[in-house]
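Q: Protein sequence lines, in the order shown, are assigned to chains A and B. 49 is the number that numbering that gives the first Met the number 0 gives to position 50 of the first sequence; each next residue is one higher, with no gaps. 12 is the number that numbering that gives the first Met the number 0 gives to position 13 of the second sequence; each next residue is one higher, with no gaps.
Heads up, a few of these hints could be off.
[Stated by the list, open to error] Computed, partial: chain B to chain A, Cβ under 7 Å:
id, residue
1, A48
2, L75
3, Y79
Since the hints were derived computationally from the structure, they do not count as laboratory data. Built from N, CA and C at the ideal position, the CB exists for glycine as well.
Listed here are the chains, written in short residue letters.
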Amino acid sequence: MHYPSTYGRRDPFALMRRMMADLDTGFGVRPGSVQFPAVNVWQNAEAVAVTAELPGVEADEIDITVKENVLTLSGERKAPEVAEGSRWHRRERGYGKFSRAIRLPFEADAAKVEARFTNGILHVVIGRPDEEKPRRIEIKAA
Amino acid sequence: MSTEVTEQLGHGRGDAPESTRHSRVFRPLTDIVEGKAGVSLMLEMPGVASEDVDITLDKRVLTIRGQVAPTRPANLDLAYSEYGEGDYERAFTMSEDFDPERIEAELRNGVLTVTLPRAEAAQPKKISVKVA
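Taking the hints into account, I'd like the entire structure generated from these sequences.
A: Written out as structure tokens, the structure is:
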């Protein structure tokens, strides 16, 4: 189980909700059995970043789309090509098509999305459009 | 002829030796396939660069380690997490000898492929039975 200590910073109940969700789904769920790809989401007032573990996928086989406030990652994990007559001793990795939708806290502008893929980790940074940024309201003197 | 590949005990996710770098050591998911020429292992190690992989063959124990370069986007706080970051380590016991000089490894998109060609002497030899 992974409970980062940074949870409490913005939302003091996030950690509790996460623990409750773990109780519902059962502890000790292997990472392989959760949705593929596993994602981490990072944010601040300016942007949201999504990192995903996509080992064995080619960069040009990953489709990243943004529609309104939903970011979708899709593609296919291809099974390795093996010579005929080969024998499998172990087969733990998974293959096949995948698609994952992540809801963003704002309506994203496709022009403000950047993606990078290094060593099997996908980094997508979505800039928050100016009109969606929280505005500070000045209090006028009476 | 078959080349059984057995996993070393004591290297599971829970009871891996403690690392001095990170608090977590993961056991990479692995595919092992045996062909005519030798054995290939494919290990999932997302986040590991090729220069941070360490492969050793000691007697018949093949140990594979990978050090992760932690990703932390600048000025951003982690809001939701499904995977943790940590190093990778896994060891396998091979049932026959491989020539360590001929082991090849390639890291591509977070998957490490290790190819162990069967030693010449270990190629199966056919022995014909003479008629008495």
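Q: Which earlier hints turn out false for this structure, listed by number in ascending order?
A: Violated: none.
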